[in-house]
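A.B. asks: Line order of the protein sequences matches chains A and B.
Residue 600 is where the first sequence starts when you use the numbering used here, and the numbers rise one by one after that.
Residue 1357 is where the second sequence starts when you use the numbering used here, and the numbers rise one by one after that.
Computed, partial: chain B to chain A, Cβ under 7 Å:
1) P1502
2) L1506
3) D1558
4) M1605
Worth flagging that the hints you see were computed from the coordinates, not collected in a lab.
The C-beta atom is built at its ideal place from N, Cα and C for all residues, glycine as well.
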Amino acid sequence: MTTPASFPAATRDAQSARFFDALRDGVLLLRRCVPHGHLSAPETLLCTECASPSLDWAPACGAGRVVTWAAPYTRPDESGIARVSAVVGIVELQEGPWLRTRLLPADTARMRSGAAVILEIAETAGEPVYAFRLAGEDGPAC
Amino acid sequence: MPAHDPATAIAGLGLTDLGKIYGRSPAELAAEAVERAAADAGLALAQIDGLLVSGGTAGGVTPDLQRVLGLRDLGLLAQIEAYGSTAIAMVQYASLAIGAGMASAVACVWADTPLHREGPSAYAQARPRTGFASIAPASGLVGATPAYALAARRHMDTFGTTADDFAAVAVGQRAWAAGNPLAQLRKPITIAGHHASRMIADPLRLLDCCLVTNGGIAVIVTAADRAAGLQQPPVYVWGWGQGHPGYPMHRGSTFGLESGAAASGRAAMAMAGLTADDIDVCEIYDCYTFTVILTLEDYGFCKKGEGGAFASSGALAAGGQLPTNTGGGQLSGYYAWGMTPLSEAVIQARGHGGDRQADRHDVVLASGNGGILDHHSTLIVSPQRRPR
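I would like the entire structure built from these sequences, with the hints used as guidance.
C.D. replies: Printed below as a string of structure tokens:
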């Protein structure tokens, strides 16, 4: 199914340190604007809905749906075989923000747009990252 | 008629050797492209008084190119960066500067050397990133192809676009490339051959992806009146536009469904006083087959969601209703970012396309696309003066 592939490590900087600390504890943080409580993707600097620069953090519930997905392949090996290196996608969180992310399991036959998914923390050579696993037809609700 | 006609034209086109060109820096290639474009126009380098430069993965094409070329007393000099939409944007800025009296002959140049004699190209390597920007590559989204694959899949799942539709774009453009001596890939391909090519990022296969090319291309933009007295048939600029949707990473984003081509095309056609029905030839930025389908929809050549069927109908091929990417495009010709569609638009408008010349070429549209469908530019040109 999946060949373990060596992707670059996720690495922290000053802006992302708190986010990665929370992720290591299993919590996916979103940005929440102080004036209205709008929720934006974690990398956001100005609120996606009102452009407020006043943002704090709020935990996501971890449920979402696949907007679209793709399966990058490895370069062919000596025998000419190329394999799926990961299944990746855009997940729309129940709260609205989109995340570009890895999807699990890495099985192209099971993946489909619209599928319900649930947060799963994935290790990299550096910081952990968010990933999302297929959650069954009904899907989890928060 | 007013004393000052603000119209501009492309008066010169210069291409270096394109493809596996090693051992030359982007700056050297850029300088050669400008020299060739000036010579093509019949201008001495000393007559260039404006310079707009752009590079690619390797960088190195900077305002310092002025000194490389020995240009004195420029009235306009800048490095422009809007990714794949840059080349056509440069022609727009050159036209604005000429209209404002800042310069009278502006060279617009791009050059890059992503191919290396040994090892993978610059496009196959993950750029170092930190913080939030490191999450996508750490998750398997390395380079542009998986990101375009996400866009393509959304279009397929939403509108029923198929791999056969993508293949129709690739096969049609390869047929056009057969008539282009500059094209890197000229051997015919088939739908089945497309489907048998290796998967790069499902749903995109090798034959859905553009080439990787070293080289440089430049154009010279002058006032329309001046171009008429120069060496080549003038390619008059009739209209232009840009569109940068700024897709939010949030519910409601139209990523994969509509691009900046919609706004950019509307602006360009309004400026030219035309509709899509008036366009004879299209040169569409084709980093991937899917990009052509989405762009043609957004320009209004077919209804939204029907771009795949439009391509599969044969409309884009020689003899079709809308000859498109007549030099083979970036898929089969050469990958010079926005200079690929721009250069072929100039060649077609001049009537210099040889075996691949479109019969009707009075109105030629060229597009640029950058980022992951984030940036778009449009140019409409003609061998005729714009009706006033």
